[in-house]
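Per this note's numbering, the very first residue in the sequence shown carries number 961; after that it's consecutive.
Don't take each hint at face value.
As the list claims (entries may be wrong) - Straight-line distance between alpha carbons at most 25 Å, and here's what the computed SDA-like set of lysine to any residue pairs gives: (1) Lys1038 x Thr1089; (2) Lys1183 x Pro1172; (3) Lys1052 x Gly1129; (4) Lys1158 x Asp969; (5) Lys1158 x Gly1001; (6) Lys1052 x Gln1011; (7) Lys1038 x Leu1108; (8) Lys1026 x Ile1066; (9) Lys1052 x His1064; (10) Lys1179 x Met1127; (11) Lys1026 x Thr996; (12) Lys1104 x Ser968; (13) Lys1158 x Lys1179; (14) Lys1038 x Pro1137; (15) Lys1179 x Glu1124; (16) Lys1179 x Ile1066; (17) Lys1158 x Lys1038.
Note that these hints are calculated values from the structure, not bench results. The structure presented is a predicted model; accordingly, all values stated were derived computationally and were not measured.
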Amino acid sequence: MGRRLLVSDYEPLDLSLLCNGSTRLFGEGARPPIGTQEFYGLPFQVGPNAQNSSACYLAFGADNDKHESSITIPVNEKAQWVIFAHTLLESKVPQGGLGDVAGHYIFRFANGAEVRTSIRERFEIGVHTDYWGQQLFLALPDQKDSLLPRHEGDWGGAGRRQTEVNMGGPHAYWLWPWENPQPDEPLESITIEPTGWKFLIAGITLSHLNEPPFFRTGKREVKITLPRSEDA
């Protein structure tokens, strides 16, 4: 554990020694992305490689093939952000699961401090869904939004076409960024503490840049006025 797969501004962790879940967790015939991946231009390592689909996830829950107790991932690295690619394998919505805690991620620092974060359904983590309006409040799907074709397509869907956007959904994972409150202190480890829910972690990537890994605002015009005309 702790071997680095890529040294850059965004650095995936190697989770292969802890992987215990296969792609069958998504159902027979599913083809979730594994191996070296990019989501929103950020690198992730999902399992050891794209050919090994038998052990590519950290899976949690109450089955024999899932971790039922806490596990700790060594990090020993400074980081501005930690980005998780994870997903729920079950949902308790609409039976009252909105905001229920599926697990806890505990971040421990070299100075002995720790931050305990609850991972809640429809906030930091969720199930795979293609339904409009069922996005998460604090995480993004692994697929971006896209533009609808302007000059072809289903002309009967005039109302939807006026939105001009095809909402991106998760191919398999949700991406949740955690902002480190102590970026100058080495992050010693991350402990995953399940609460009985079935979920998986596909990849974890460290960000070494002092910038949000995702931007939710669109482009906007900016006007720059120089104090001296000769500088124009």
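Each hint tested on the structure:
1. Lys1038 x Thr1089: Violated, because 34 Å separates the two Cα atoms, which is more than 25 Å.
2. Lys1183 x Pro1172: 23 Å, holds
3. Lys1052 x Gly1129: Judged against 25 Å, a Cα distance of about 20 Å means the pair holds.
4. Lys1158 x Asp969: This hinted pair is violated, its Cα atoms lying about 32 Å apart.
5. Lys1158 x Gly1001: 28 Å, violated
6. Lys1052 x Gln1011: 33 Å, violated
7. Lys1038 x Leu1108: 41 Å, violated
8. Lys1026 x Ile1066: 19 Å, holds
9. Lys1052 x His1064: Between lysine 1052 and histidine 1064 the Cα gap is close to 17 Å, so the pair holds against 25 Å.
10. Lys1179 x Met1127: Status holds; Cα separation ~18 Å.
11. Lys1026 x Thr996: 23 Å, holds
12. Lys1104 x Ser968: 23 Å, holds
13. Lys1158 x Lys1179: 38 Å, violated
14. Lys1038 x Pro1137: 15 Å, holds
15. Lys1179 x Glu1124: With a Cα-Cα distance of about 16 Å, the restraint between lysine 1179 and glutamate 1124 holds, given a limit of 25 Å.
16. Lys1179 x Ile1066: Violated, at about 35 Å.
17. Lys1158 x Lys1038: With a Cα-Cα distance of about 30 Å, the restraint between lysine 1158 and lysine 1038 is violated, given a limit of 25 Å.
Taken one by one, the earlier hints fail for this structure at numbers 1, 4, 5, 6, 7, 13, 16, 17, listed in ascending order.
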